[in-house]
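Those protein sequence lines, which keep their order, are chains A and B.
Read left to right, the first sequence gives residues 38 to 295 (my numbering).
Read left to right, the second sequence gives residues 143 to 466 (my numbering).
It cannot be assumed that every hint is accurate.
Claimed, not checked - The calculated lysine to any residue pairs, modelled on SDA-like cross-linking and capped at a C-alpha distance of 20 angstroms, are: (1) B:386 x B:408; (2) B:417 x B:255; (3) B:417 x B:242; (4) B:386 x B:411; (5) B:316 x B:334; (6) B:316 x A:76; (7) B:316 x A:122; (8) B:316 x A:196; (9) B:316 x B:327.
Rather than coming from a laboratory, the hints here were simulated on the basis of the structure.
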Amino acid sequence: MIESIRSLGARSTGLVEGLGTVTRFGGAIVATLPRTPTRFGFFLRALYDAGVLSVALVCLSGFTVGMVLGLQLYNTLTRFGAEEGLGAVVGLSLVRELGPVLTGLLVTGRAGSAITAEIGSMKATEQLDGLRMMAIDPMHFVVMPRAMALTVALPLLNGLFIALAIGGAYVVGVELQGLDGGVYLSGLEDAVLFRDDVGQSLVKSVVFGMLLGLVATYKGHACEPDAAGVARATTSTVVTASVCILLSDYVITAFWDV
Amino acid sequence: MRPIPDADVGFVLVPVVLYGRPQRDAWLRSLASPLAPGGSILSRLADAPAIAVDPDPEADACFIEVRDVRLSFGRRPVFEGLDCRMSRGGIHILLGGSGAGKSTLLRMIGGLQRADSGEVRVAGEDLSRLSERELGEIRKGIGMLFQNGALLDSMTVLENVGLPLREHARRPWKEIRGRVTQVLASVGLEDVEDLLPRELSGGMLRRVAFARAIVMEPSILLCDEPFSGLDPLNVSRIEDLLVKLNRDLGLTILVTSHHMPSSLRMADQLILLQKGRCVAGSPEELAGSRDESITEFLGEDGRAYLARLHELREGSELREGSPG
Numbered sequence: 038m039i040e041s042i043r044s045l046g047a048r049s050t051g052l053v054e055g056l057g058t059v060t061r062f063g064g065a066i067v068a069t070l071p072r073t074p075t076r077f078g079f080f081l082r083a084l085y086d087a088g089v090l091s092v093a094l095v096c097l098s099g100f101t102v103g104m105v106l107g108l109q110l111y112n113t114l115t116r117f118g119a120e121e122g123l124g125a126v127v128g129l130s131l132v133r134e135l136g137p138v139l140t141g142l143l144v145t146g147r148a149g150s151a152i153t154a155e156i157g158s159m160k161a162t163e164q165l166d167g168l169r170m171m172a173i174d175p176m177h178f179v180v181m182p183r184a185m186a187l188t189v190a191l192p193l194l195n196g197l198f199i200a201l202a203i204g205g206a207y208v209v210g211v212e213l214q215g216l217d218g219g220v221y222l223s224g225l226e227d228a229v230l231f232r233d234d235v236g237q238s239l240v241k242s243v244v245f246g247m248l249l250g251l252v253a254t255y256k257g258h259a260c261e262p263d264a265a266g267v268a269r270a271t272t273s274t275v276v277t278a279s280v281c282i283l284l285s286d287y288v289i290t291a292f293w294d295v
Numbered sequence: 143m144r145p146i147p148d149a150d151v152g153f154v155l156v157p158v159v160l161y162g163r164p165q166r167d168a169w170l171r172s173l174a175s176p177l178a179p180g181g182s183i184l185s186r187l188a189d190a191p192a193i194a195v196d197p198d199p200e201a202d203a204c205f206i207e208v209r210d211v212r213l214s215f216g217r218r219p220v221f222e223g224l225d226c227r228m229s230r231g232g233i234h235i236l237l238g239g240s241g242a243g244k245s246t247l248l249r250m251i252g253g254l255q256r257a258d259s260g261e262v263r264v265a266g267e268d269l270s271r272l273s274e275r276e277l278g279e280i281r282k283g284i285g286m287l288f289q290n291g292a293l294l295d296s297m298t299v300l301e302n303v304g305l306p307l308r309e310h311a312r313r314p315w316k317e318i319r320g321r322v323t324q325v326l327a328s329v330g331l332e333d334v335e336d337l338l339p340r341e342l343s344g345g346m347l348r349r350v351a352f353a354r355a356i357v358m359e360p361s362i363l364l365c366d367e368p369f370s371g372l373d374p375l376n377v378s379r380i381e382d383l384l385v386k387l388n389r390d391l392g393l394t395i396l397v398t399s400h401h402m403p404s405s406l407r408m409a410d411q412l413i414l415l416q417k418g419r420c421v422a423g424s425p426e427e428l429a430g431s432r433d434e435s436i437t438e439f440l441g442e443d444g445r446a447y448l449a450r451l452h453e454l455r456e457g458s459e460l461r462e463g464s465p466g
């Protein structure tokens, strides 16, 4: 009994300690932002790796998700004679929830894990120590540009995902099922509000990008400096970032209208 | 640290402040030429504290000082009260078996590894008391060659070697290229500036890493196994370069090495690490030592090592004495 309480206590303090470490790490990233040089070139390179190289995956996923959504919703709405509402339902579900969450999860798997692996292998091969020995702060040189790139890339990819998904649902609903195109688009236009829906989508995708940037860079920076450590850190990034995205999605949704 | 009035005066003063030998000016001017008209790299770093030098001879003898250092990795003790001193301007070779703590000691002197207790002092500064930012200032005067090179994968050779110049001297790449080409030539590399590290052989990688370690003309050079993976020609080239840097610029050089002939030829001081402690002395002193406390401290392995050292020195003397 005492042993279980002790174990629970140790886990709790470990969790709090871990949260504190991650928060300090996040603070250290923010502290490097005003420093010169700005590392804009590294940021652009990281943005290309995290963003541009994810475009194909996001486009394909967005379009197929839109098609499936269009098909499922059309069939369901037809049962109630409400197929005219397809545009509104597709638009709201994509803009408010599916877009930011699915983009976040896709980018976590595609770019977040890659960033963890890259920073982890830089640590394992002493490249980060090499930077320190040249009096170059790895937080400023390596971590900050990548964390910022994820924060910027996610809202952009989210927009792309939503646009392609709306297009996919249009193809199925209008072109294949015969719904009127004007009805689909006007339903979409009426239902989706800029401040409430697009604003929420934007806030969510920025928050998810920041969380993913923090988790991916922290896991790489804190991993054991060997191949197994890098592998564990990469897996951990995918799991932790996914859970963070899903939990924060609920929190933002719950507090948005309060 | 003495104040440096301006870049021009710093051009002359900084090498003196860093190394304390005015005759190095000419050599430094020759290094500076590719970057003209900006002056030498050191002059442009005049505002960087790098490593302050005390002209006191006692301070010279303890330029790098390790005092009662204890360090454990988990349950495995690495150092158990390690004490050693390294004089300024000397070549110090760290010897010892695998896991003796040679690389760890280098990392401690570079401020990359903190001791559990004890002090590591570089030019009088206790590294354990410094913040990461303060350590960064100290590191501007330290070059380090890592065992696996530690070159940045995503950057070309030019970017890797020129990075410290770019970061601290803030010169455009066009100007840096000249200096990088010169340093690469000194380690026997030509036309590799635009290659990525993955396009180089192991030996070339080590030489590029060596070039990066010396490109800022540091006052302390830490080399972790500089000869491993090199062919005999390049072992000789790096050895000559280390000796030249030491003799001409007064660099304090610490080398971990298993390459006995080079170690013996270069060393001003040998530091034998064993069982978390060390024995230090000139090669002659250690090879000829019959001190019971030293031989007892070294144990059987250590005594065998000294005997081998003695044999090698005698062999080397015979070769040097023989005609042709």
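Hints versus structure:
no.	hint	result
1	B:386 x B:408	10 angstroms, holds
2	B:417 x B:255	19 angstroms, holds
3	B:417 x B:242	7 angstroms, holds
4	B:386 x B:411	17 angstroms, holds
5	B:316 x B:334	16 angstroms, holds
6	B:316 x A:76	19 angstroms, holds
7	B:316 x A:122	62 angstroms, violated
8	B:316 x A:196	40 angstroms, violated
9	B:316 x B:327	17 angstroms, holds
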